[in-house]
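Undergrad: Using the sequences and the accompanying hints, generate a full structural model.
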Amino acid sequence: MNNRMRELREAQGWSQGELAERLEVSRQTVNALETGKYDPSLPLAFRIARLFGQSIETLFIPED
Amino acid sequence: MTGLFARYCQSLSPALRRYYRASLWPSLLFLGLAALHEWATHQAGLVLPLRIAIALAPVLAMAWMFAAYLRFLRDCDELERRIELGALAWAAGIVLHAAMAALFLLDAGLADWSGRHVAASLGLLLVVSYALIRGWLHRRYA
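Chain order of the listed sequences is G and P.
Residues in the first sequence are numbered from 1 upward in steps of one, following the numbering used here.
Residues in the second sequence are numbered from 65 upward in steps of one, following the numbering used here.
Some hints here could point you the wrong way.
Unchecked claim - Computed footprint of chain P on chain G, listed as stretches where at least three residues anywhere in the stretch have a Cβ under 8 Å from a Cβ of chain P:
id: 1; region: 22-29
id: 2; region: 40-52
Stated by the list, open to error - When the alpha-carbon atoms are kept at most 20 Å apart in a straight line, the in silico EDC-like pairs for lysine to aspartate or glutamate are as follows:
id: 3; chain 1: G; residue 1: Lys37; chain 2: G; residue 2: Glu63
id: 4; chain 1: G; residue 1: Lys37; chain 2: P; residue 2: Glu148
id: 5; chain 1: G; residue 1: Lys37; chain 2: P; residue 2: Glu142
Derived from the structure by calculation, the hints contain no laboratory data.
Remember, predicted model here, so these are calculated numbers, not experimental data.
Every residue gets a Cβ at the ideal spot worked out from N, C-alpha and C, and that includes glycine.
TA: Now the structure itself:
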């Protein structure tokens, strides 16, 4: 699954570490999410969407 | 070297840092009790209950370490938990297959290993396979 996390994080001026702190996850998890190596659970996806003020559908884009 | 270590510590998640801190004392206790056990095996004059207590004491330290690990599993984030559970599942599967192979080889009279060596080898295999698979999974998600 593709996502707009990196774009939105950079627009806020946050580092991966800062975003990790805000989401209460490790920096490795933020990196894996941004590079599409890991798809988040639904609760984490909602936390990310809420943090960026976006809906899940605009943040996460299915590949097909 | 200190800077490299500090950078490594900063790269760890808070849950993993807490786990490393929490497992320090049980690890040291385990080493101490294992040394005591080694010493006790060479003492002929110890009474049986004391020998049993000394032989089983390192297991208590391991249980303390395991409790810290379970707390880490509860507190870590979902990707860390996925990595840990994946490594544990693979390691358990590998050890189960090795244990079955050893059991059938011993049962068929094709191997002549002592129970002490089989148990130690299986424990070592569990730790090594867990560490290697955990490292591989971390690289995969890096």
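Undergrad: Now tell me, hint by hint, if it's right for this structure.
TA: Cross-check of the supplied hints:
{"no.": "1", "hint": "22-29", "in the structure": "holds (count 6)"}
{"no.": "2", "hint": "40-52", "in the structure": "holds (count 3)"}
{"no.": "3", "hint": "Lys37/G with Glu63/G", "in the structure": "13 Å, holds"}
{"no.": "4", "hint": "Lys37/G with Glu148/P", "in the structure": "17 Å, holds"}
{"no.": "5", "hint": "Lys37/G with Glu142/P", "in the structure": "14 Å, holds"}
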